[in-house]
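We have chain A; now place chain B onto it with these hints.
Given next are the chains, with one letter for each unit.
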Amino acid sequence: MDFRDTPEEAAFRAEVRAWLEANGQKRTRPDEVFGEGLDDAAKLAAAKAWQAKKAAAGYAAITWPKAAGGRGGTAMQQVIYQQEEAAYLVPGMIFEVSIGMGLPTVMTWAAPELKARFLRPGLAGEEIWCQLFSEPGAGSDTGGVRTRAVRDGDDWIINGQKVWTSGAHFCDYGILLTRSDWDKPKQEGLTMFIVDMKAPGVEVRPIHQMSGDAEFNEVFFTDVRIPDSYRLGPECGGWKVMLSTLMQERLSVGGNLPTDLHAHLVALAQQCAWDERPAIEDDRVRARIADAYLQQKGVELVIARGLTAISKGKAPGPEMAITKLIAAKAMQDIAAFAIELAGPEGLLGFEALGGDWRYMQRLWLGAPGARIAGGTDEILKNVIAERVLGLPGEIRSDRKVPFRDLESA
Amino acid sequence: MNFDFSDDQRLLQDAVRTMLAETSTSQAVREVLEGRASHAEAVWHNLIEMGAAATAIPEQYGGAGLGYLALCLVAEEAGRHLAAVPLASSFYLAAEAIQRAGSEAQKQHWLPKIASGEVVATAALGSRERYRPAAPLAFDGQTLTGTSPALVDGGIAGLAVLRIGDDLVLVELSGTGVSRNPLPSLDPTRPLAELRFDRTPAERLAGANGAAVASRVLDGAAVLLAFEQVGGATCILEATRDYSLERKAFGRQIGSFQAMKHKMAEIYTAIELARVHAYYGAWALSSDAPELPRAAAAARVAATRAYTVAAEEGIELHGGIGFTWEMDCHLHYRRARHLGQIIGSEHAWRARLADELIKEAA
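These protein sequence lines are chains A and B, in that order. Each residue of the first sequence is one higher than the one before, counting from 1 in the UniProt record's numbering. Each residue of the second sequence is one higher than the one before, counting from 1 in the UniProt record's numbering.
Isolated chain A, as found in the complex (with noise of 0.2 Å):
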């Protein structure tokens, strides 16, 4: 049992850290993100500027291919980059579905001439993928899309709705996934197409979230056309194609926490007063704080022993599921009782109150988002309960049904 990295991997992460200190800004606050300031345009060409020196850097796609435009490298070196830039001010989300989702499915499933026309220009960030599965009646039962797809000669012709598609709104590209036959049972009759979100007809709506927040859009298609060749797998192949871009997650170890959490907790006890004492002094208090670092402590550790497994060459196992569920919910908890310790004035914004306030405020107001997206704590529990320990799934009525007359029940 040791902590350490292997003589290899310290060699690797000194590479890294290197690179970083030489081309990267350093975080001065832990809730500092990249680009405060700027605008969306600048904020934008700034991302794109860092995806590119990344890439070219051989960053970009360390578990890729060399053929890819990938490094060649190992799961693990992945994990001691990300290690190493989270202490970074880079921008995060934005390339995260080109680089986990879009370009994977294309380098999978596309024709050779579609991948060198797009697997470049993704790695180096000058195109930007979404990934357009859920819809308002398809979200943790994804295979209930109705976006429709008909054939038109050489063309597919697409109507339909997609939502909670993150950064849909500066996207250049998505994977898009349409229902083409509704006499097929459910997850049968559906296809996969890459989609041009500039192309005529495909209209981007913002989601006010209820943090204030919009990193979500709407996507409507209005007769939209896409080229055959831009059709990812067979026809009806859809759900295949989709399993085969969430195995790409398969590598990733799950939900995090941050890991200062609980000193947080901490110091914002120190600062509040309960009887005209320092609350951290008062024992209920204090069996919260132990509560909150069982969890946040724990995230840390099981994340652990995901990396021994990568580190040793294996995929984690689907027990990592309990990241997301654990952090999550802990997310929520421990920072509802942050704000919970300054009592009527603890409702008082960040603005007003502090900017010590603003960590736990913003994760509070971001927490109920956390619990939902990449699978409701629902959900991850059933993952658990079936994949884990072998207890039956769901009883279904939707299975062999022809979608048409699900659509009709």
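Everything labelled a hint here was simulated from the structure, so no lab data went into it. Where a beta carbon is used, it is the ideal one built from N, C-alpha and C, also for glycine. Treat the hints with care, as some may be off.
Computed spacing ranges between beta-carbons, pair by pair [unchecked claim]:
1. A/Lys240 x B/Glu49: 51 to 57 Å
2. A/Ile207 x B/Leu11: 52 to 58 Å
3. B/Thr18 x A/Lys314: 20 to 26 Å
4. A/Ala336 x B/Thr18: 43 to 49 Å
5. A/Ile207 x B/Thr18: 52 to 58 Å
6. A/Ala10 x B/Trp325: 53 to 59 Å
Derived BS3-like pairs: lysine-lysine, alpha-carbon spacing no greater than 27 Å straight-line [stated by the list, open to error]:
7. A/Lys400 x B/Lys248
8. A/Lys312 x A/Lys329
9. A/Lys53 x A/Lys198
10. B/Lys263 x A/Lys329
11. A/Lys314 x A/Lys240
Chain B in isolation, oriented as in the chain A frame:
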């Protein structure tokens, strides 16, 4: 990054598991439960013979010298199989106290006897909680007079380490001036007894360092017991899962109902959280890291929580059959309570964890 045990350590674990599956049967545990045996003798004999119990005792004192990581995995299996043996009292507590605070002569004399199973040892190192008035127990530097607290395996122990104020006192129990008073226990598979001394010869183990040594030994025991708790919790969860696949109601396997599935997923999550904290504690214990007090307290709280919830909900998910004497559910319910309190309660250790965290933040 290697946050896992080695292949050699896993081999030892497998061997212990195989042995315990054969010997630490429900029937063997029930011999102790129902008062026909003081402990599971065959299980104890085998753990000693395999060198599994004495893994953390150095070879020069008759142990296997394999270190604490190996002992952690032995503990996990002991917990999983509800082993009704004086493993914790002899090896996690008494032997550790002697190793950490004994003189060379004390170590030479006692550790080989414990390692070989010739002597069962027990210890009372103090806890913050108390209900009964403290029994007066006086040590005059040479003899001990008074009554001990309730000691696990006090009925069969030949040696005890007792904390008296800031002293740790070593007392041989086979001589004159010792009487034993067996006490009823909520988990009769781990019997309790108090000892009465009347000018019984005894010797000091450590001088002014007694409290610090006791605290260090309890941290180590917290980690080892956390492995027993994780093992026990895993066992009752698996038994519950298996039963839920067998039992049918409303025309379905009861394990197909989401209310059952989600509860089992929650228990699994609690166990995995406890497991990683136990692993972290194992790392801190085996490397004598400064993080040990924090890691041990975290392991103890998480593992106590996990075993408690797995045992409580294990009965609930079984339904009526789980409430019968014949089913093993109550063995876990009792053992979870025993392991969760024998070195201080979840509440006490949560307080200790908070103290450590706040100390570190300062």
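Index of numbered hints that the structure contradicts, given in increasing order | Violated hint: only 8; rest satisfied.
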